[in-house]
Structures are given as C-alpha cells and as structure tokens.
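S.K.: Below are the chains, spelled out letter by letter.
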Amino acid sequence: MPDKHRYPIPTRKYPPRVEIPRQVARRDLRHNVGAMLSLAFLLTLILTAILAPLLATYDPRAVSPENRLQPPSQEHWAGTDLFGRDIFSRLLYGTRISLILGIVAVAISALPGTLLGLLAGYYGGWVDGLISRLMDVLLAFPGILLALSIVALLGTGLSNVTLAVGIAGIPSYTRLVRGSVLTTKRELYVRAARIIGCRDSRIMFRHILPNVLAPVIVLSTLNIAWAILNASALNFLGLGVELGTPEWGAMLNEGRGYLRDAPWASIAPGLMLTATVLAINLLGDGLRDALDPRLRA
Amino acid sequence: MQFKNTVVPMIAISVLLLSLTACPAQPAVIPTSTTPAAPTQGGKLIYGLTLVPSGIDPHVNASSELGIPLTSVYDTLVYQTTDGDFVPGLATEWEISDNGLVYTFHLRRDVTFHDGTPFNAEAVKFNLNRIADPETKSQKAVLMLGPYDHCDVVDEYTVKVFFREPYAPFLDSLSQVYLGMASPTAVQKWGADYQMHQVGTGPFMFKEYVPKDHLTLVRNPNYNWAPSIFTHQGPAYLDEIEFRFFADPATRALALESSEAHVIGEIPPQDAARLAKNPSFRIVPVPIPGQPLQAFLNTAKFPTDDLRVRQALLYATNRQAIVQTIFREYSPVAWGPLSAVTWGYDDSVVGMYDYDPDKARTLLDEAGWQDTNGDGIREKDGQPLAVMAYLMSWGYIPEVATMLQAQWREVGVDFRSEQVAYPAALEAARLGKHNLIMFNLAGSDPDLLRGFFRSDANFNWAKINDPQLDALLDEGARVRDSDKRQTIYADIQARIMDQALIIPIRDYVNLNGMSIAVQGLIYNPQGWFPWLYEVWLAGTGE
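Protein sequences, first through last, are from chains A and B. Anchor point for the first sequence: position 21 equals 21 in this note's numbering, and the numbering is continuous, going up by one each time. Anchor point for the second sequence: position 496 equals 496 in this note's numbering, and the numbering is continuous, going up by one each time.
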C-alpha cells in the first residue's frame, strides 16, 4: 500500500509539450503591450505612407502666401507654415520619405556590415585584423559626425544623406556579427560541416548565417529609428532633401525661425519624429526580448 | 544600449523644442522716460553682431561685420553725410587735379592716435601703402583703393595721392573704415598680430577682442576732432561698448527681450513685427545701398542662355508676393541691379518685368517649350525646362527660392536646387555649373557693378560678355562729373535689365532692433555701420 505513493504522481496526463523557439518568441512579443501598440502605430504609418496622396487634404508643395502661418484649424489640421503650405499634408508625405529612407539606409548598413562581420569572424587572422581595424576607425567617430563627413565628401541630396547614414551604420553590424560568428563557428554542426568537406562559403551562408541572424534583425529594427533620426538631423542642417520637400527634419528647420509666432510649424514634425522613433525602439526592444534566449528566465 | 543611444538625442530634441516654444515672451522692462532728455555721460552699451568675421583688420579683411565696431575706432580722411556729400574728417580740405589723377589732402594738426603718436602726412602714406602692398593680402580695401599709384608727403600735414588713371569712387572709399587711418607705430609693433591690438584716432579705443565671443571698446578721453556730421565735440558719451555675437537669427529678438543686448542688427522680419508692437523696443529699418538681393541668370548655360527664357522667368516671378511673405512691410521690391537708395540708381527700371505669368507662358511657347507629356513641366527636344540653382543659406535665400520654385512651376519651369556653403557656391558659379545663383553686395558707389558685370569680373555670374557694357562700366569708374556719371549708370542698369541678366528680388534693409534706452544712434551712408560717437543710454546707472 505505501508503495503506491512512493513516487510523486505526475500532474499532467501527457508529457510536456516542447515549444519551438519561434513560437515562444511570437508569444512573448504578443504579450508585450508596448511593442504591440508600437507595431499598430507603425502599420498605420506604413499605410499612411502608401495612401498619402489619397489622405492629404492639400498639395504638400502648393504655396499660398495669403494663408501663411495659420494655427491649426478645421481647414488646416496642423496649421500652415511660412509659405501657407498645409502642414498636415506635408507630414503625411514626410512619412513616405522617412520610412523609405530608414529602410534603405538600414539595408545599406546591414548587408555589407553582416558580410564583413561574417568574413572577419570566420577567417580570423589578417582578414579579421584588417576589417576590425577599419571598423574601429569608423567607430571612432560619432555616427552623426561620420555621416556629416560623408555628406561633405559626396555632396548634399537625399540619396547621399541616405547613403551616408547607411555607411555610418555599418560598423555596428560588423561587430555584432563577428562576435556571434566567433562563438557559432565552434559549434559541433559547423565542425561537422567542415569534416564532410563543405566549402567555406557554404558553411558561412548555410550553417552560420541563419544562426546569427536574430540579433541582426533586432539591430536593424532599432537602426531604422537611428537612421530616421540622423537623416532628419542632416536635413535639419539643410544638407539633405531638395528645397520644398516635405521631410520632417527639414520642416523642423523651416519652422525654427518663427517658433514664437507659429510653434505648430515645428511641433508637428517634431512630434511625428518622436512618435515614430519611439515606436520603432519599443518594437525593437520587444523583438530583442522575444528573440534573445538569454533574456528568458 | 541601442535604445538609449537613439532615445536620448530624441528626447533632447523634443525637450529643446518644447522649452523653446513654451517660454513666454518676457519683455524687458527698461526704466526710461519716453521724451529724450539731454545726453548723459557714461554707461556701457551692448551691441549684438550677427556674424563672426574670420578676421577684423579693416585693411585686410572684407567682412561687413567688422565695420560695425571698428568704424568707432578709426577716423577717415573724409566723411560722407547721409545725403552723399563729403565733409572734412582727418583732412580739413582737399583738391583734385583737373585730370583726376592727383588728390591733395591738407590734414588736421591736432590729432593723435590712441597710442599717443601724432597723426600726420607720413601716417596717411603709411596706411595707403600698407593697403596697396601685396604682402598685406588685402581682400577689400585694395579694391576700394582702385588704380592707386603712390603717395607723396609734401610737408608734415599735406599729402598728395597719385592714381594711374582717374578713379571716381575714391572719396567714397576714403570715407569708409576699410581705408581708416591706423597708427603706423602700432602696425609695425604688432605685425601679423595687429588685428588684436588695433590703434586708430577714433572716439573709441580698441580694448579687447576674444574671437567668437566679444569685442570691447572704451572711450577715447582725448577725442576732440569730431567731423561736422556730429552735433557735439569732445569725448563720446558712452564709457564702454561691448560687441557680442548672435549668429543664429532666431536668438536675436530674444537677446533684446532678455536685455542681453541693447542693439542688434538683422532682426528676422517676423520678430521685428512683434518687437515693433512692444513699447520697450524700437525697430529701425536701414536701407542698404548697393545691390538688392538678386538672382543672377547664367547666359552661357542651357536653358537660360535663351533671352526669352530669362525674360519669362522674370515675368513669372511675383516679387510682391515674395517680399510680403518673407520680408513683410520692411523691404521694398527691387527692380534693377542697384537698390533704390544707391547713388546712381535710375528709376526707369521700376515696373520692368512686372509679374505677368501669361506673358511668361507666351515667351516660353515662342521659345519652343511645350508641356508635351502633361507633367506640368515644359519640354523641348526631349529635355525638360529645368533651371539649376545653387543656394547659400543666409539672407533668406532658401525661403526666396521656395517661393520661386512654386511660382515658376505655375508656368511650367522646374526649379532644381542644391544648398551649398559660400565657398562651394563661389566655385560652382565660377565654373558656370549654375543657371541661377542668388547674391547681394552692399556698397555706396555704383562702381561695385563692375565686379559683377564686366566680362572679366570675378563675380561675373551671368557669364555676360558684352563689350558695350564693359566700356560703360569702365567709363563709370573714370568720369567724375556726377551728371555724366548718372547717365552712364542709367544706361548700365537699363542694359542689364534689357538682357535679363538678373532677377532683382528685394532692396536690402537691415532691421535694427534696439531698446528705447538707446539714444542718438545713427547709421552711416553705407547703412551697415553705426556711428556710436553720440549714442547715450537713457536711464542708466543700473
């Protein structure tokens, strides 16, 4: 009789279900309120960018001096600027520029950054030395200063600003990927791949790359915010977009001269920039929490 | 970590933004009576400068900003009244030879430099030779000196100045701080470092200059040789003047309102309109002679090489709207290459190319430009009608360009632009990469047009090569008879506008804002430079 209860009775009828990491990540993310709100905001923003011509109440470039510096009203939801342009419509079109710029800039940093990191981490030796020293040089400058110098070299313009911000972002990827590769390449499956005679490129791209990608995705998300902010800073300084382009940073700068009389001209683009960058950061943080197994208690 | 890296600057920006917008206007209360009493002695004036000059030796450097403080440090041989007449300064009288090649100056005998050395004919010779010496690397004064040849000292207080050819603007040049009289002893003593230790004969003495921060002048207690343009003799009223820099236009009105400065130039029009309503402040608009803000059209580059296109651009420009939007009621619309207050200005240009978009469209049609693909921009032989502009960031150039872009689009012209720093703009303009570049230069003599429209001029940004215009410009510099000169410059202005070389936008007006405590401040005929000798502060002793 007593033997019957010698061992603890299993509380479950079935063995515990093994959750695959992807599902865990998805669930974690879904339970993160901030990240989900941010995601909703960003999706709205993307829709706005696509539908800007339909949503805008005015031509974002149309000048009408007789309507200059009007406060927000039913006609002009966010007021008008010095030239009587409708700020709300300009904000909508600005969404397009900022989002595209952020994504393109991140692509410019992530692709070469990841590749360089992969090479440096995998081959080590002089390849690593060369790439790492090069990245150290780039990292020695604050991102915005580096971007400024690149714009000074390439000339002004939206595409050059995007390129500059993209290049300035490369080192962070290289460092991140290099570090991950250093640990991953000691894994058993990598050694196995080598033993069965896989070529280096196959080992790097088929075996190592998929396993270092998660942090790259997180960094990319966060970097979109960084890129948008820095590009706005360059546009604020008048180095980016062409005259009249409804870009948030440029709008901030245009409004700066008459802050006292028409604060809305600067506040509106400032708020959009703040909200967008904040949302992307919150989403990025959510992604990191979800994807990084070390953070899971 | 990444989160922090992005979020911190972001928060900083928004906080900055909010703090800037949230702080209410704090009108400075300056105790003062509204009716100016007799001038009081003493007090320290704080004068806001708008640009940080790269160098401040008037013989060497070209900045207009340096003249604001240094006009009070240096006396000039002659003074120009606001009516344009020349009156004695350090020279009591002068004769000009019939051929216009020799100027004889008789000098005051009672003048000493701030360092105690006497002012005499040798000093004049020293100064003019210093400017002309290539070693000095003068950027502006040497150009103002024109075809100067040499100086002869006749006796201690008589000096003869010789020219290689007649040079009409000489007295105008001599009346400006760039040809002010510096102490030869001090110049020799300090050498390359002289700009930090300047010594003149003026009503204020140079005390200290900390680049990018402040420049201080103190009263010259021995001053007793004020020219007749002033109402009193003896030392100046103020004890001390401190010049501070307010380079960001957005900070200038704030600096006045928070009593950080008594006077500041170049107040943004929007702020000036607000300050004008405040009884504690006065806005003093000073029209600046010289060139208006204008867009030079490159006659050597497609498509502005076609006169009809240039004329169409002029007709398509609604200057009234531009001026009302950006410069408000303070600036007059400009019609020609000289602003209306410049000597030699000819009013027959008024109304030329008045806003007429239909005429612009007709001209473009005639020139073969049609919108064939319906994108709102005209084309010819598959090329869009696009003009490339290089824009500097000062003087409301980007704002004006924004208006031009919108106005020209109405008639089917695509305005493309790049914002560049001053040296890059000069380089682009020199190479002729532009269709359009905006600029203006101040100057009280119309001879300044020679530097822009002569075929070999450095700043020939219209890339014009017109032998007749060259001849007129040369003659204008030589002829001394003022009626004849006037006719020549009338021809020049008409010729420039007939060929549509420029689009004049607005006459330059410097909006000076000042506390009502500031009394007796007047500006010299160049408009930029204040005469601070008779300034006093009402209600001082704070």
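Hints may be right or wrong, so weigh each one.
Have a look at the derived ranges for each label pair, beta carbon to beta carbon [stated by the list, open to error]: (1) B:K44 x A:I46: 52 to 62 Å; (2) A:L154 x B:Q139: 22 to 32 Å; (3) A:E75 x B:R416: 26 to 36 Å; (4) B:G376 x A:L138: 24 to 34 Å; (5) A:W77 x B:D474: 57 to 67 Å; (6) A:R27 x B:V52: 28 to 38 Å; (7) A:I46 x B:G351: 51 to 61 Å; (8) B:V52 x A:L55: 56 to 66 Å; (9) A:L111 x B:G374: 50 to 60 Å; (10) A:I46 x B:N465: 33 to 43 Å; (11) B:D474 x A:A107: 55 to 65 Å; (12) A:L37 x B:T251: 31 to 41 Å.
Computed footprint of chain A on chain B, listed as stretches where at least three residues anywhere in the stretch have a Cβ under 8 Å from a Cβ of chain A [what the hints assert, rightly or not]: (13) 185–197; (14) 323–329; (15) 394–406; (16) 418–429.
Once the Cα atoms are required to be at most 25 Å apart in a straight line, the calculated SDA-like pairs of lysine to any residue come out as [to be verified]: (17) B:K212 x A:M36; (18) B:K433 x A:G157; (19) B:K277 x A:L145; (20) B:K277 x A:D261; (21) B:K277 x A:G238; (22) B:K433 x A:R68; (23) B:K160 x B:N99; (24) B:K433 x A:L158; (25) B:K137 x B:E156; (26) B:K433 x A:G238.
None of these hints come from the bench; they were simulated from the model. Quick reminder that beta carbons are idealized off the backbone N, C-alpha and C, glycines included.
S.K.: Determine for every hint whether it applies to the structure shown.
M.R.: Now the hints, each set against the structure:
The hinted window of 52 to 62 Å between K44 of chain B and I46 of chain A holds, with their beta carbons roughly 59 Å apart. L154 of chain A and Q139 of chain B have their C-beta atoms about 31 Å apart, which keeps the hinted 22 to 32 Å range intact. For the hinted restraint 26 to 36 Å between E75 of chain A and R416 of chain B, the CB-CB distance of approximately 31 Å keeps it satisfied. The hinted window of 24 to 34 Å between G376 of chain B and L138 of chain A is violated, with their beta carbons roughly 43 Å apart.
W77 of chain A and D474 of chain B have their C-beta atoms about 60 Å apart, which keeps the hinted 57 to 67 Å range intact. Distance hint check for R27 of chain A and V52 of chain B: the Cβ-Cβ separation is about 59 Å, which falls outside the suggested range of 28 to 38 Å. For I46 of chain A and G351 of chain B, the Cβ-Cβ distance of about 53 Å falls inside the hinted range of 51 to 61 Å, so the restraint holds. The given range of 56 to 66 Å is broken by V52 of chain B and L55 of chain A, whose C-beta atoms sit roughly 45 Å from each other.
At roughly 39 Å, the beta carbons of L111 of chain A and G374 of chain B sit outside the given window of 50 to 60 Å. For the pair I46 of chain A and N465 of chain B, the supplied restraint of 33 to 43 Å is violated, since their beta-carbon distance comes to about 55 Å. A hinted range of 55 to 65 Å holds for the C-beta pair D474 of chain B and A107 of chain A, which are about 60 Å apart. Take L37 of chain A and T251 of chain B: their Cβ atoms lie about 38 Å apart, and the range 31 to 41 Å holds.
Under a criterion of three residues with beta carbons nearer than 8 Å to beta carbons of chain A, the stated coverage of the region 185–197 of chain B fails, only 0 such residues being counted. Coverage of the region 323–329 of chain B by chain A holds in this model, with 3 residues showing a Cβ closer than 8 Å to a Cβ of that chain against a need of three. With 7 residues having a Cβ less than 8 Å from any Cβ of chain A, the region 394–406 of chain B passes the three-residue criterion, so the hint holds. Only residues whose beta carbon comes within less than 8 Å of a beta carbon in chain A count, and the region 418–429 of chain B has 3; three or more means the coverage holds.
Pair hint K212 of chain B plus M36 of chain A does not hold up; C-alpha atoms about 50 Å apart against a cutoff of 25 Å. At roughly 16 Å between alpha-carbon atoms, K433 of chain B and G157 of chain A fall within 25 Å of each other, so this suggested pair holds. For the hint pairing K277 of chain B with L145 of chain A, the CA-to-CA distance comes to about 42 Å; that exceeds 25 Å, so the pair is violated. Simply put, K277 of chain B and D261 of chain A have alpha-carbon atoms about 14 Å apart, close enough for the 25 Å limit, and the pair holds.
Taking the CA atoms of K277 of chain B and G238 of chain A, the gap is near 32 Å; set against the 25 Å cutoff, the hint is violated. Note on K433 of chain B and R68 of chain A: the hinted pairing is violated, with a Cα-Cα distance of about 34 Å set against a maximum of 25 Å. Between K160 of chain B and N99 of chain B the alpha-carbon distance is near 14 Å, which keeps this suggested pair within the 25 Å criterion. Restraint check for K433 of chain B and L158 of chain A: satisfied, since their Cα atoms lie roughly 20 Å apart, inside the 25 Å limit.
A distance of roughly 29 Å separates the Cα atoms of K137 of chain B and E156 of chain B; the hinted pair therefore is violated under the 25 Å criterion. A threshold of 25 Å between alpha carbons decides the hint, and for K433 of chain B with G238 of chain A the separation of about 20 Å falls inside it, so the pair holds.
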